[in-house]
Amino acid sequence: MKIRTMEYFIKEALSSLKRNGLMSFASVTTVALSLLILGMFLVMVLNLNNMASTLESQVQISVYLQDGLTDHEMREVGTRITKIPGVVQVNFVGKEEAMNRFKERLGEQQGLLNALGEANPLPNAFEVKVDKTERVKAAAQAMMQFKGVENAKFGQEVVEQLFALTKMVRIFGLVIIVFLALAALFIISNTIRITVFARRKEIGIMKYVGATNWFIRWPFLLEGMMLGFGGALVAVLFLNETYGILIHQVYETLAFLPLIPQYPFITNISVVLLVTGTVIGALGSTISLRRYMRV
Amino acid sequence: MIHLDGVSKIYGNGCVALSDITLDIPKGDFVFVVGPSGAGKSTFIKLIFREELPTKGKLIVNGRNVGELEPSEIPYLRRNLGIVFQDYRLLPNKTVYENVAFAMQVIESSRRDIQKRVSHVLDLVGLRHKAKNFPGELSGGEQQRIAIARAIVNNPVVVIADEPTGNLDPETSWDIMRIFERINRDGTTIVMATHDKSVVDAMKKRVIAIEKSRIARDQVKGVYGYED
Numbered sequence: 001m002k003i004r005t006m007e008y009f010i011k012e013a014l015s016s017l018k019r020n021g022l023m024s025f026a027s028v029t030t031v032a033l034s035l036l037i038l039g040m041f042l043v044m045v046l047n048l049n050n051m052a053s054t055l056e057s058q059v060q061i062s063v064y065l066q067d068g069l070t071d072h073e074m075r076e077v078g079t080r081i082t083k084i085p086g087v088v089q090v091n092f093v094g095k096e097e098a099m100n101r102f103k104e105r106l107g108e109q110q111g112l113l114n115a116l117g118e119a120n121p122l123p124n125a126f127e128v129k130v131d132k133t134e135r136v137k138a139a140a141q142a143m144m145q146f147k148g149v150e151n152a153k154f155g156q157e158v159v160e161q162l163f164a165l166t167k168m169v170r171i172f173g174l175v176i177i178v179f180l181a182l183a184a185l186f187i188i189s190n191t192i193r194i195t196v197f198a199r200r201k202e203i204g205i206m207k208y209v210g211a212t213n214w215f216i217r218w219p220f221l222l223e224g225m226m227l228g229f230g231g232a233l234v235a236v237l238f239l240n241e242t243y244g245i246l247i248h249q250v251y252e253t254l255a256f257l258p259l260i261p262q263y264p265f266i267t268n269i270s271v272v273l274l275v276t277g278t279v280i281g282a283l284g285s286t287i288s289l290r291r292y293m294r295v
Numbered sequence: 296m297i298h299l300d301g302v303s304k305i306y307g308n309g310c311v312a313l314s315d316i317t318l319d320i321p322k323g324d325f326v327f328v329v330g331p332s333g334a335g336k337s338t339f340i341k342l343i344f345r346e347e348l349p350t351k352g353k354l355i356v357n358g359r360n361v362g363e364l365e366p367s368e369i370p371y372l373r374r375n376l377g378i379v380f381q382d383y384r385l386l387p388n389k390t391v392y393e394n395v396a397f398a399m400q401v402i403e404s405s406r407r408d409i410q411k412r413v414s415h416v417l418d419l420v421g422l423r424h425k426a427k428n429f430p431g432e433l434s435g436g437e438q439q440r441i442a443i444a445r446a447i448v449n450n451p452v453v454v455i456a457d458e459p460t461g462n463l464d465p466e467t468s469w470d471i472m473r474i475f476e477r478i479n480r481d482g483t484t485i486v487m488a489t490h491d492k493s494v495v496d497a498m499k500k501r502v503i504a505i506e507k508s509r510i511a512r513d514q515v516k517g518v519y520g521y522e523d
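Chains as they are written, first to last, in our numbering: chain A, 1 to 295; chain B, 296 to 523.
I should point out that these hints are in silico values taken from the structure, not numbers from a laboratory. It is possible that some hints are incorrect.
Subject to a maximum C-alpha distance of 25 Å in a straight line, what follows is the list of computed SDA-like cross-link-like pairs (lysine to any residue) [unchecked claim]:
1) K2(A) / N450(B)
2) K427(B) / R200(A)
3) K201(A) / G436(B)
4) K389(B) / N49(A)
5) K2(A) / D408(B)
6) K129(A) / N49(A)
7) K389(B) / R199(A)
8) K516(B) / S337(B)
9) K2(A) / I409(B)
10) K389(B) / R19(A)
11) K201(A) / G461(B)
12) K507(B) / G362(B)
13) K201(A) / G435(B)
14) K201(A) / K499(B)
15) K389(B) / I10(A)
16) K411(B) / N49(A)
17) K11(A) / G204(A)
18) K201(A) / R217(A)
19) K427(B) / R217(A)
20) K201(A) / Y371(B)
Remember, predicted model here, so these are calculated numbers, not experimental data.
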């Protein structure tokens, strides 16, 4: 393809975008919205996955003891725990230490705890490490039966819940995304159809003077791709900005939430969105070209 | 140049437009195709530039078997043909110059070639001074001359014209005919469907009359032969 021809295609596509200003605007907006939502779901699913795997790598069982046990009784529980198959380490975490750790985690917001006064609602506990992840569940269930044990929690539960949540978000997101992608496809193909219709005379003459089908198609294809890319660009800019703000907010207030850092995470998602937008645009115009141009 | 061997065209609705046509149009010929409306003239023209496909028979145009062309080969057939319509088919939002240059742009000619050729053909039809005008600012005869300029700008071997003077008054029609004659003198084959009795009678060219989908007459230096 000659450079002059490429120039001609781009010029034609741009002038057509301008001529159908309102339709172009509607297309870009629809694509932008669809891809923005796609982007948000991607951010959400990937972050949930990330949280789940972070937690999974630190499975340990927290065994909370009932209040009012004597030292002897507590030691008894500890001994019984060590005898459970698979248990490799048992640490006692007293009420005070638990409180200190909690304060540390809250960081600047420890002030919140002042409301409690001298009272310490946190229980005495054991932290138990097990040699294999598969054994965690059975071990925790066994400990739960011990006298003096209030509850035995392990990360696995949270992990499983997170994975379940991820799965739900994924399915829900997929449905919405498919729906929105179809809407974007429809509006782009409609825009191109209008362009093709407005220029049917020109297309007829091009055919009579021997233009190849691809020569006739390219400007329309480019127009669709520009619409898709434009919409994606809007979505990407918006997503980048909001994720930046979100990260900032989370670091300030909920520091323990393990969010994926902005870069290169958002850059990768941006590439996905831009490619998707362009492909949707190309597909949309292809549909119209096949149905309305007979070339 | 154009060769038909037992060509028939039956449309999807069963209408027989041409049946069993055999004829030969050699290079450099000037042929009028005449006959009553609906007799098959337009179909004949459309077959030549592969707007329609022959139902039966063999049709060769400029060495290509038109009935067996792949869709991707059609543009290359048409690059050797110039087509002129009754309704000119110019683009109203392009200037005269751009309308003619358009035909060269779409086959990716170089900018220099385009400038040279467009000026040349505008000279040939006598409208170089109108290059910057829009079609809407020209008379019907002038618009048809622009359409002819566009048809010949890519140096076609055959110019096909479907009632090119159908919308024009007799005097203007003669201007148009003189241009076709000039093009023909330079060696280009001309096939023209027409209803213009005075033109056909005066020009004494080959006349092919199509009636009821068949060739009724094929005369060298023929006449129109119908009352209008």
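These are the hints, each one checked on the structure:
1. Proposed proximity of K2(A) and N450(B) is supported: the alpha carbons are some 22 Å apart, at most 25 Å.
2. At most 25 Å may separate the alpha-carbon atoms for a hinted pair to count; K427(B) and R200(A) meet this at roughly 24 Å.
3. Restraint check for K201(A) and G436(B): the C-alpha separation of about 20 Å stays at or below 25 Å, so the hint holds.
4. With a CA separation close to 58 Å, the supplied pair K389(B) and N49(A) exceeds the 25 Å bound.
5. Distance hint between K2(A) and D408(B) is fulfilled; the C-alpha atoms sit about 15 Å from each other, no more than 25 Å.
6. Note on K129(A) and N49(A): the hinted pairing holds, with a Cα-Cα distance of about 23 Å set against a maximum of 25 Å.
7. For the hint pairing K389(B) with R199(A), the CA-to-CA distance comes to about 13 Å; that is within 25 Å, so the pair holds.
8. With a CA separation close to 22 Å, the supplied pair K516(B) and S337(B) stays within the 25 Å bound.
9. Between K2(A) and I409(B), the direct Cα distance comes to roughly 15 Å. Compliance with the 25 Å bound is thereby established for this hinted pair.
10. A C-alpha spacing of about 15 Å is found between K389(B) and R19(A), which places the hinted pair at or below 25 Å, so the restraint holds.
11. Between K201(A) and G461(B) the CA atoms are separated by roughly 20 Å; this keeps the pair inside 25 Å, and the hint holds.
12. Proposed proximity of K507(B) and G362(B) is supported: the alpha carbons are some 23 Å apart, at most 25 Å.
13. Restraint check for K201(A) and G435(B): satisfied, since their Cα atoms lie roughly 18 Å apart, inside the 25 Å limit.
14. For the given pair, K201(A) sits about 36 Å from K499(B) by alpha-carbon distance, which is inconsistent with the 25 Å threshold.
15. For a cut-off of 25 Å, the pair hint linking K389(B) to I10(A) stands: about 18 Å separates their Cα positions.
16. Pair hint K411(B) plus N49(A) does not hold up; C-alpha atoms about 66 Å apart against a cutoff of 25 Å.
17. Between K11(A) and G204(A), the direct Cα distance comes to roughly 20 Å. Compliance with the 25 Å bound is thereby established for this hinted pair.
18. A C-alpha spacing of about 14 Å is found between K201(A) and R217(A), which places the hinted pair at or below 25 Å, so the restraint holds.
19. Under the criterion of a C-alpha separation no larger than 25 Å, the hint pairing K427(B) with R217(A) is inconsistent with the structure, at around 28 Å.
20. With a C-alpha separation of about 20 Å, the suggested pairing of K201(A) with Y371(B) holds against the 25 Å cut-off.
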